[in-house]
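2 protein chains.
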Amino acid sequence: MTMNKNEILEKCKYYCDWKQDYSYIVSIFNFDKETIAPRGANEESDKALARIQQDIFKVLKSDDYINYVKEAYEKRNEFDEAHRRLFEFQYKEYIRNINISPELQYENSLLLGKSYSDWLNAKEKGDYNLYEPTFRKVVEMSRKLIELRDNKFATYYDMLLDDFEPGNNEVILDKFFSELKEGILPIIKKINASKQPRKDFLSYEVPIPLQERMSEFLLKFNGFDTNCGVLSTTEHPFTDFPSEHDIRVTTHYYLDMFTSNIYSVIHEGGHAIFGQNIPHELFALGLGDFITSAEHETISRFYENYIGRNKNYVYHLYNKTNEICGDIFKDVSFDEFYKGINIAEPSLIRTESDELTYCIHILIRYELEKDLINGKISTQGLNLEWNRKYKEYLGVEPKNDSEGILQDVHWTGAAFGYFPSYALGNAYGAMILNKMKEDIDFDKALLDGDLEKIKNWLKDKVFSIAPLKDPNEWIKAITGKDFSTKDYINYLHEKFSKLYKF
Amino acid sequence: MTMNKNEILEKCKYYCDWKQDYSYIVSIFNFDKETIAPRGANEESDKALARIQQDIFKVLKSDDYINYVKEAYEKRNEFDEAHRRLFEFQYKEYIRNINISPELQYENSLLLGKSYSDWLNAKEKGDYNLYEPTFRKVVEMSRKLIELRDNKFATYYDMLLDDFEPGNNEVILDKFFSELKEGILPIIKKINASKQPRKDFLSYEVPIPLQERMSEFLLKFNGFDTNCGVLSTTEHPFTDFPSEHDIRVTTHYYLDMFTSNIYSVIHEGGHAIFGQNIPHELFALGLGDFITSAEHETISRFYENYIGRNKNYVYHLYNKTNEICGDIFKDVSFDEFYKGINIAEPSLIRTESDELTYCIHILIRYELEKDLINGKISTQGLNLEWNRKYKEYLGVEPKNDSEGILQDVHWTGAAFGYFPSYALGNAYGAMILNKMKEDIDFDKALLDGDLEKIKNWLKDKVFSIAPLKDPNEWIKAITGKDFSTKDYINYLHEKFSKLYKF
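Chains as they are written, first to last, in the working numbering: chain A, 30 to 531; chain B, 30 to 531.
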């Protein structure tokens with residue numbers, strides 16, 4: 030059935046509202062499951078989730094929806110940029126789903142539900158082999174879903190990269206990671222040969238209620254709108270975007286690792302601030318959902334590192350920590366605090382790792398997931414391969430799989446292709462930082478505690494256009510330059526040579 | 030289309046599973062809204078909830094579902110007791126919905142969402158007039174929904190009573206409440222003329238983390254299964270039953286009113302223990318949803334009062350409180366503690382009120398909601414009428430509407446007809462208590478801290494048959510007697526004459 034422009038806009042609005050309502054409900058159900066739901070109900074909640082996701086999927090496979098998507102895509106040039114982009118996304122999604130039946134989609138949902146429970150259980154016991162049988166099925170299912178698609182890509186993994194970061198592929202990322210490796214490993218070597226800063230106080234015990242006050246302070250200080258968001262706790266911190274005025278940050282408190290919460294909150298808060306500052310008209314079209322993971326990680330890691338580990342920011346952190354914690358850190362000078370927080374030291378846990386070695390953690394995951402999805406390696410013994418790479422690249426080795434292959438949630442949910450986003454985000458962020466410094470006095474804004482100034486610049490130049498651009502176009506639009514790792518490597522070199530005096 | 034027995038069973042299973050999945054999702058969304066969701070998203074969440082409820086409603090109005098319900102109801106005598114009861118409920122629900130359109134249902138959902146937000150806001154400001162315009166619409170909508178039904182009842186309110194407590198009506202309840210009034214008011218009078226126990230320690234400050242430990246202890250002690258349940262905080266404590274293995278209790282912490290949390294947790298925990306001990310085969314048919322509110326309040330108030338305020342139970346409470354709170358209550362003897370906890374004193378807040386005056390709070394609500402729904406009084410000035418009744422019956426008067434008409438959430442959600450359940454529950458509970466004492470040594474079980482023994486008796490004699498019986502049949506099946514207020518009034522008289530020595 031042919032539709033005119035108005036009919037298309039009407040259907041578009043109907044389906045955007047419909048999607049917003051249902052994705053709000055599904056997000057909350059998921060969020061609840063990952064934060065407070067009792068374990069005893071896992072089977073019931075997986076089943077409920079699989080059903081609602083299947084019912085949603087059936088709508089996406091309905092004649093009415095598909096007719097609208099095809100018509101809108103065909104006539105996309107008659108519409109404004111935002112609608113055009115939405116129609117392109119919707120068409121891409123339609124193509125992706127063509128050969129996937131609602132039954133298969135249901136099966137996949139159930140599998141991912143079980144995968145999450147089995148992973149949590151295995152992680153608690155530190156034993157990958159408890160999870161491996163389920164994980165194998167997750168990988169098989171991912172490959173099966175790829176095979177059902179109209180494959181115009183060089184490799185299976187390329188297809189997933191196109192989902193996460195349109196415009197990227199293995200060739201580009203191999204080069205990207207090899208530049209990172211060449212840039213970062215020599216710095217690590219130099220640091221290992223240098224005098225190490227004091228770090229004992231990083232494991233001083235800080236009672237959870239005090240850490241909670243710290244979280245509250247940081248979210249507000251950085252510009253998170255608490256009237257339109259929530260902070261909860263979870264095993265593995267994440268940010269959810271259930272609805273325009275409901276954006277949720279999570280953290281995890283460790284009694285003897287107070288910086289873990291601090292940098293989780295700053296990182297996740299960065300995601301949330303990004304989400305809270307998408308122009309309403311783009312949000313209403315659901316374009317917020319199409320911001321890529323690297324675009325998102327750019328901002329979260331921008332807040333975590335370029336802001337959060339900057340000396341002038343750490344100054345506020347130091348004062349506030351002392352204000353809240355009383356005497357706990359009375360024997361720690363600001364200089365020690367700053368250097369301790371910026372320690373660069375090969376370690377096992379990605380989320381706790383420092384700014385410098387972080388990308389090596391990602392590199393390891395990239396190499397493994399690429400081979401896994403391309404069918405070059407299997408899930409069996411993958412924990413040992415993981416440990417081998419940690420030994421090779423970082424010189425450290427996990428004692429059990431909880432601090433090894435089971436530490437991250439991503440693969441559990443079949444989010445293969447997500448990890449590179451973190452490294453790309455770091456590199457995008459360095460380019461954005463240099464551009465920002467042309468416009469505003471970044472260090473002074475931090476010293477003044479004027480995070481609003483920084484947020485407003487980001488909102489104007491970075492957030493507002495993210496839903497409309499693929500990552501490479503986005504970076505070019507912001508900085509005027511093509512993407513490169515140069516700014517990032519320079520930043521690391523400069524920062525750490527100063528800190529470690531080499 | 031005619032269906033045979035197997036076809037009916039197959040459809041029955043399909044729709045039970047479907048209902049379970051969707052009601053799980055909707056429950057969690059509601060639970061989230063009432064516990065942590067940010068206010069800024071109220072409009073979005075009301076809209077999402079109204080949509081999913083409408084979509085569920087559309088299924089209930091579909092030819093396929095209605096055909097099944099009619100066939101199943103017609104052939105109900107060919108099935109076992111549980112199926113027969115389910116088919117009767119489903120048929121009753123179908124009849125109730127005949128003249129209600131999905132559009133009206135959507136409008137009602139949106140209105141109740143707004144009602145909740147507006148109530149919260151007005152409650153915070155202590156001003157009923159801020160809420161009255163919305164509340165008026167809620168009452169109007171309730172009356173409209175009643176008018177659309179096939180009214181075989183004497184009054185509007187009778188129809189709602191039949192929803193909540195089948196078999197009850199105004200005539201029965203007028204008599205019930207007048208017996209309560211006659212039984213209770215003289216005891217209150219005698220108490221007012223007696224020496225009052227010490228009560229200063231009831232407002233000693235207890236830090237929230239200590240109160241949280243108390244909650245944990247009490248839930249476990251009473252027999253709540255934490256692997257299949259959750260404790261959260263909210264403005265107005267309630268219990269939710271999202272799924273068979275996911276039953277949720279909420280509480281509210283006040284720094285200077287530690288017993289508020291204790292009795293909220295015991296009360297809500299009672300609801301939850303009931304829910305967690307429904308036979309699986311009845312739960313699977315969704316019959317748990319049809320336990321009446323009075324049946325539920327029987328158990329929650331049984332735990333709160335007959336157990337929770339019993340001297341032998343308070344003995345454990347006293348010891349645990351001292352263990353957790355250190356020196357806070359060091360100047361309070363056990364006797365003072367027990368008497369303080371059992372103080373009977375006219376007050377303003379129903380949920381904080383004592384065991385004796387409680388039913389008078391309910392009486393006031395009953396009189397008001399009956400007249401409101403029957404169209405005899407309007408929402409305008411209802412706060413003043415509320416205050417007048419408090420003055421008349423209890424001799425106390427609210428300073429503002431937060432401690433007056435705005436204190437409870439029930440009317441906000443159009444749950445008119447619910448309040449009598451609390452009073453009925455008290456009276457049912459007294460009959461059950463006497464029956465239980467014939468079988469087990471109740472006081473000794475409490476002294477031994479053997480709550481398991483009590484729970485098992487309840488599970489066997491009370492919980493297991495609740496989904497299959499209307500309240501009056503239920504009480505008769507448990508106790509062998511017809512319902513009367515005698516046991517309850519005797520219990521109150523005996524307990525309070527001993528406490529206050531009259």
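These are calculated hints, taken from the structure and not from any lab test.
Treat the hints loosely; a few may be bogus.
Pairs count within a copy or across copies, as identical chains cannot be separated in the list.
DSBU-like cross-link-like pairs, simulated, lysine-lysine; straight-line CA separation at most 35 Å [stated by the list, open to error]: (1) Lys99 - Lys249; (2) Lys76 - Lys40; (3) Lys90 - Lys143; (4) Lys466 - Lys428; (5) Lys173 - Lys405; (6) Lys87 - Lys104; (7) Lys40 - Lys464; (8) Lys76 - Lys466; (9) Lys488 - Lys224; (10) Lys76 - Lys488; (11) Lys224 - Lys173; (12) Lys490 - Lys76; (13) Lys488 - Lys143; (14) Lys249 - Lys76; (15) Lys228 - Lys420; (16) Lys76 - Lys34; (17) Lys40 - Lys166; (18) Lys42 - Lys87; (19) Lys90 - Lys42.
Values in this document were obtained by computation on a predicted structure and should not be read as measured data.
Exercise. Between copies, within a copy, both or neither: which fits Lys490 and Lys76 at Cα up to 35 Å?
Worked result: Between copies, since 32 Å is at most 35 Å while 43 Å is not.
Problem set entry | Lys228 and Lys420: within-copy, between-copy, both or neither at 35 Å Cα | The answer is within: 23 Å in one copy meets 35 Å, while 66 Å across copies does not.
Exercise. Which holds for Lys76 with Lys40 at a C-alpha limit of 35 Å: within a copy, between copies, both or neither?
Worked result: Both: 30 Å inside a chain and 18 Å across chains, each within 35 Å.
Exercise. How would you label the pair Lys224, Lys173 (within, between, both, or neither) given a Cα cut-off of 35 Å?
Worked result: neither (51 Å within a copy, 79 Å between copies)
Exercise. From the Cα coordinates, with 35 Å as the cut-off, is the pair Lys90 and Lys42 best called within, between, both, or neither?
Worked result: Classified as both: same-chain Cα gap 18 Å, cross-chain 26 Å, threshold 35 Å.
Exercise. Which holds for Lys488 with Lys224 at a C-alpha limit of 35 Å: within a copy, between copies, both or neither?
Worked result: neither (40 Å within a copy, 68 Å between copies)
Exercise. Is it within a copy, between copies, both, or neither that the alpha carbon of Lys249 lies no farther than 35 Å from that of Lys76?
Worked result: between (38 Å within a copy, 28 Å between copies)
Problem set entry | Identical-chain pair category, Lys40 with Lys464, by Cα at 35 Å | Classified as neither: same-chain Cα gap 40 Å, cross-chain 63 Å, threshold 35 Å.
Exercise. With identical chains treated as interchangeable, where does the CA-CA distance between Lys173 and Lys405 reach 35 Å or less: within a copy, between copies, both, or neither?
Worked result: Cα proximity of Lys173 and Lys405: one copy only (15 Å, versus 66 Å across).
For this session: Could you figure out if Lys40 and Lys166 sit no more than 35 Å apart (CA to CA) within one copy, between two copies, both or neither?
Result: Only across copies: Lys40 and Lys166 sit 32 Å apart there, 38 Å inside one copy, limit 35 Å.
Exercise. Under a CA distance limit of 35 Å, which applies to Lys466 and Lys428: within one copy, between copies, both, or neither?
Worked result: Answer is neither: 43 Å inside a copy and 57 Å across each miss the 35 Å cutoff.
For this session: Check Lys90 against Lys143 for me: Cα-Cα at most 35 Å, and say if that holds within a copy, between copies, both or neither.
Result: Cα proximity of Lys90 and Lys143: in one copy and across copies (25 Å, 34 Å).
Hints 1, 4, 7, 8, 9 and 11 from the list above are not met by this structure, while the remaining hints are.
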